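If you're matching them up, the sequences are chains A and B in order.
Each residue of the first sequence is one higher than the one before, starting from 0 at the first, in numbering that gives the first Met the number 0.
Each residue of the second sequence is one higher than the one before, starting from 0 at the first, in numbering that gives the first Met the number 0.
Simulated from the structure, these hints should not be mistaken for lab results.
Source: prediction; values computed, not measured.
All C-beta atoms in this analysis are idealised placements derived from N, C-alpha and C, irrespective of residue type, glycine included.
To give a feel for the contact side, a few chain B residues facing chain A, derived at Cβ under 7 Å:
1) ARG229
2) THR231
3) PHE233
4) GLY239
5) ASP248
6) ALA256
7) VAL257
Label-pair restraints from in silico Cβ distances:
8) ALA59/A x LYS265/B: 34 to 44 Å
9) LEU11/A x LYS265/B: 52 to 62 Å
10) ALA59/A x ILE137/B: 51 to 61 Å
11) GLY238/B x ARG27/A: 20 to 30 Å
12) GLY239/B x ALA59/A: 33 to 43 Å
13) LYS161/B x ARG27/A: 32 to 42 Å
14) PHE28/A x LYS161/B: 27 to 37 Å
15) GLY239/B x ARG53/A: 25 to 35 Å
16) ALA633/A x LYS265/B: 47 to 57 Å
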Amino acid sequence: MTFLQPWVLAALPLVALPLIIHLINQRRFQTIPWAAMMFLLSARALSRGYSRLRHWLIMALRMLAVAAVILAVGRPLSRGWLALAGGGRPDSAIVLLDRSPSMQARDPDGRESKLDTGRRQLVESLETLGPGRVMLTTDAVRGPVEVPGAAAVTELATAGPVAAAADIPALLQSAYEYIRENGAGTTEIWICSDQRANDWRPDDGAWGGIRDAFAKLPQQVRIQLVSFPAPAAGNFAVRVGGVRLETVGRDRQLVVTVSVSRLDEGPRVTLPLTFEIGAATTVVNLEVSGREAVLRNHVIPLERAAGPRGFGTVSIPADSDPADNEFFFAYDEPAPRRSLVVADDPAVRRVLELVAGIAPEKEASATVDVLAAGGLATAAWDDAAVLLWQAALPEGPDADAVRAFVERGGQVVFFPPDAPTPAAFAGVSWGQWTGHAPAVAPESWRTDQDLLANTLASGALPLGELEVRRSCGIAGDAVPLASLPGAVPLVARSSEIEGVTFCATTPAARDSSLADEGIVLYALVQRAIDRGRTVLGSARQLDAGPAAVAVAASGPAWTRLAGPVGGASTEAGLHAGVFQTGDRLIAVNRPAAEDGAVAIGDDRTDALFRGLAFSRITGRAGDSDSIVQEIWRAFLIAMLLALVGEGLLSLPRKPAQNAGVAGFRPAGAAA
Amino acid sequence: MFTDRQPRSFLEPQVLARLSAVPLLARRPMVGSVSGRHASPHRGSSVEFAEYRKYVPGDDLRRLDWRAFGRSDRHYVKEYEADTNLRLCLVLDTSGSMNFGSGEVTKIDVARRISGALSYLASQQGDAVGISCVADGIVRTLPPRRSPAHLRLVFDVLDEVKPAGPTRLPEVLHEFAETIRQRAVVVIVSDLFSDPAALASAFSHLRFRRHDVAAFHLLDPQEIAFDFQRPTRFLDMEGGAAIFADPIDIAERYHRAVEAYLADMKRIVLESAVDYHRVTTAEPYEQAVARFLVGRAAGRGLR
Numbered sequence: 000m001t002f003l004q005p006w007v008l009a010a011l012p013l014v015a016l017p018l019i020i021h022l023i024n025q026r027r028f029q030t031i032p033w034a035a036m037m038f039l040l041s042a043r044a045l046s047r048g049y050s051r052l053r054h055w056l057i058m059a060l061r062m063l064a065v066a067a068v069i070l071a072v073g074r075p076l077s078r079g080w081l082a083l084a085g086g087g088r089p090d091s092a093i094v095l096l097d098r099s100p101s102m103q104a105r106d107p108d109g110r111e112s113k114l115d116t117g118r119r120q121l122v123e124s125l126e127t128l129g130p131g132r133v134m135l136t137t138d139a140v141r142g143p144v145e146v147p148g149a150a151a152v153t154e155l156a157t158a159g160p161v162a163a164a165a166d167i168p169a170l171l172q173s174a175y176e177y178i179r180e181n182g183a184g185t186t187e188i189w190i191c192s193d194q195r196a197n198d199w200r201p202d203d204g205a206w207g208g209i210r211d212a213f214a215k216l217p218q219q220v221r222i223q224l225v226s227f228p229a230p231a232a233g234n235f236a237v238r239v240g241g242v243r244l245e246t247v248g249r250d251r252q253l254v255v256t257v258s259v260s261r262l263d264e265g266p267r268v269t270l271p272l273t274f275e276i277g278a279a280t281t282v283v284n285l286e287v288s289g290r291e292a293v294l295r296n297h298v299i300p301l302e303r304a305a306g307p308r309g310f311g312t313v314s315i316p317a318d319s320d321p322a323d324n325e326f327f328f329a330y331d332e333p334a335p336r337r338s339l340v341v342a343d344d345p346a347v348r349r350v351l352e353l354v355a356g357i358a359p360e361k362e363a364s365a366t367v368d369v370l371a372a373g374g375l376a377t378a379a380w381d382d383a384a385v386l387l388w389q390a391a392l393p394e395g396p397d398a399d400a401v402r403a404f405v406e407r408g409g410q411v412v413f414f415p416p417d418a419p420t421p422a423a424f425a426g427v428s429w430g431q432w433t434g435h436a437p438a439v440a441p442e443s444w445r446t447d448q449d450l451l452a453n454t455l456a457s458g459a460l461p462l463g464e465l466e467v468r469r470s471c472g473i474a475g476d477a478v479p480l481a482s483l484p485g486a487v488p489l490v491a492r493s494s495e496i497e498g499v500t501f502c503a504t505t506p507a508a509r510d511s512s513l514a515d516e517g518i519v520l521y522a523l524v525q526r527a528i529d530r531g532r533t534v535l536g537s538a539r540q541l542d543a544g545p546a547a548v549a550v551a552a553s554g555p556a557w558t559r560l561a562g563p564v565g566g567a568s569t570e571a572g573l574h575a576g577v578f579q580t581g582d583r584l585i586a587v588n589r590p591a592a593e594d595g596a597v598a599i600g601d602d603r604t605d606a607l608f609r610g611l612a613f614s615r616i617t618g619r620a621g622d623s624d625s626i627v628q629e630i631w632r633a634f635l636i637a638m639l640l641a642l643v644g645e646g647l648l649s650l651p652r653k654p655a656q657n658a659g660v661a662g663f664r665p666a667g668a669a670a
Numbered sequence: 000m001f002t003d004r005q006p007r008s009f010l011e012p013q014v015l016a017r018l019s020a021v022p023l024l025a026r027r028p029m030v031g032s033v034s035g036r037h038a039s040p041h042r043g044s045s046v047e048f049a050e051y052r053k054y055v056p057g058d059d060l061r062r063l064d065w066r067a068f069g070r071s072d073r074h075y076v077k078e079y080e081a082d083t084n085l086r087l088c089l090v091l092d093t094s095g096s097m098n099f100g101s102g103e104v105t106k107i108d109v110a111r112r113i114s115g116a117l118s119y120l121a122s123q124q125g126d127a128v129g130i131s132c133v134a135d136g137i138v139r140t141l142p143p144r145r146s147p148a149h150l151r152l153v154f155d156v157l158d159e160v161k162p163a164g165p166t167r168l169p170e171v172l173h174e175f176a177e178t179i180r181q182r183a184v185v186v187i188v189s190d191l192f193s194d195p196a197a198l199a200s201a202f203s204h205l206r207f208r209r210h211d212v213a214a215f216h217l218l219d220p221q222e223i224a225f226d227f228q229r230p231t232r233f234l235d236m237e238g239g240a241a242i243f244a245d246p247i248d249i250a251e252r253y254h255r256a257v258e259a260y261l262a263d264m265k266r267i268v269l270e271s272a273v274d275y276h277r278v279t280t281a282e283p284y285e286q287a288v289a290r291f292l293v294g295r296a297a298g299r300g301l302r
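Just need the whole structure built from these sequences, with the hints factored in.
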């Protein structure tokens, strides 16, 4: 139990006061000669059981009354039955808000979202606790920001909902940095979250470091999690899988692929999908059975007068989570499919030239420029979407040029040279070649996202049919996308710079069957080209999050064209909508992981904070109870009840005594 | 009366003068040695007609009722009641508990005054008076005598008696029931702190021996009220173990025990026809003695 004035508890030994008074009273006995011993002996024999029990009950009630008074003066706080942690008023409180779309799920009555409930409860709790300072942390980059009072947690725009996923480990890390650098005293970290796995990233290696760092802090730090893990009942999420502008004769049309998903397999329902493009609105019914339904290649004719560039939304009727009922998209004439190939090995160069030069659409053109390693300075980088590199990793001016290309949004896929050098790019360098006899096939690969993800029809790429005869080691900070037996990475992307991918083997016949089984290599390269074109095109789709923020920070200011108003202007890239920056359109939406995110279990959450002063309070959206409230009234009531009980137990003595005297008639003869 | 003119603290002449107005009578016929004012079980020569009886040879012809013979032609003898004296046996409890008194007087003081008054009244009307002081046994005893000199001895005993020791009243009463040869008025002056069942047995025994049993039950108001407020160590005045108790805790049960005891006593004295008088040390003893005398005077005529 927590007390606002814990020093009052020093008076708890006063609980023994009734006992001491009783003992002192016992010592003050008188001695008298007595004749009627037979009555005394009889009374003593009768009093052994009940009287002794009553005696101790009275004593216990008196002690309880004293204890209740002391505890009431100590201003006890209730933090819910599951989170009775020790401690008093903290010096500072750091609030970490999970503002992700899943936190906007509402209670069945639709009155309040999880985020609103959590913020309200946090404000009530902080106003009750009265910490010296209140820090609000919504962004790991900015870290904790001091706010004028607890009420700011609900009032500040930067505490409102966003479309981006939260990064709880990063938020905790920033809180730790703040505590360490500012030497804060007793600190309470209040995390308001729905424990979604994509926000908490329980597999992130940073958790171990965070635990150790907090454990080593000299200050007392308590971590309180206000959790809303319950899934949004009956919630549907709409997502646009792809938007393609096609020209048919003189007309243009949009080809849109839309998916609607839900967390559990509910009953079969028909959802109206509402497409809004400019002033035109079309509604298409989509029958949903199971967890997901996909409307593929839905064609929406565009007005002739309209230009090739535009934006629109697709939405579904309101449900328990309004944050995933709308999806924004922007479209434009696609950027040219232009690729750059740098390859030492002619056979490899030939293969790469082929897979990059064959466009997936029959009417689309694709160009491939083959460069020499030293000729980068003369390359036309501006409209290139991808760079396929099979040579020693670039160094010096070449590396700078490639890095600039990647930072502009281009994609690079590196293949190992015959003679790897120690040079590194994006934190990764080539290791040594390793031969595999017999040939091996990739054992695992990421099917949910990135270059090797499943197709839109949920079909897996045939990586298992590949034969890798020789592979080169990938050393450095890279995230494997496909691995050979023994967890040897085959395809990996750099953790340092987005858009840089390493393939540990080459399409040459001596190295692998990438060329023979060309599907995998073709999908990999074409997806990289698409990514590069997406960035290079004047219409771009972005997931809300740090990447979008970085884009917003690097270019002209964003102007909102569509989407919910509100949100801090400093948080461009975190809110959903369609924005215009310069002559480009950018549609920002929630990350795909938000749609199917499930809550990590309480045991797993507890394990993340093992060894730390951690407590968890589980609530539901719309809960009206405060998570921290003063309960001194309950103790006063307990004291009153104890006194009443003590009085009732003591009461029967006097009437009995009077009855005894009244029943005796001294002057009357009985016989 | 007071031949030696020795002042007795327990005798108050004014009280005795007031009490002398009511005679001390027995509730049952007494077998006395001389003529007196108490009914006798035998026929005698008093002026009070008793009954007619058929003449049998040997009867005194002077008692033949000639008028009855004239009316019925049969011989009847006219019989009259006999009057005799009584034997007053005072049984004075001198156990340690009689020394208790929360006020100015103790129970033994009141017992002395009651016993002294009854002795004086009985002696004044020519009855024999004896006294027995009892505690663990018979401490001291004087057999009933009619002489004024004997009364002085009784007063001496009352003067000298010191309460001490435990009580074995029922056993002593049984002993008296066996040892008092003739019918007597047995007056018990005691706090009766004994087992009611044992007392009932003793009373019945005395009743069986045709004694007229009376009891003055002496109680102190403090023994009834038991209104102590502090933890108290109670020392047994009859030599038993001391008891430490918080009166506040046990008062209720103490009162229940007293009530049960008094209810038992009431039942016992009704069953054994004991002339029972409950007396507290706070009330004037004269009232208790007067109640005793008046009650008996009202019942005169029983034989």
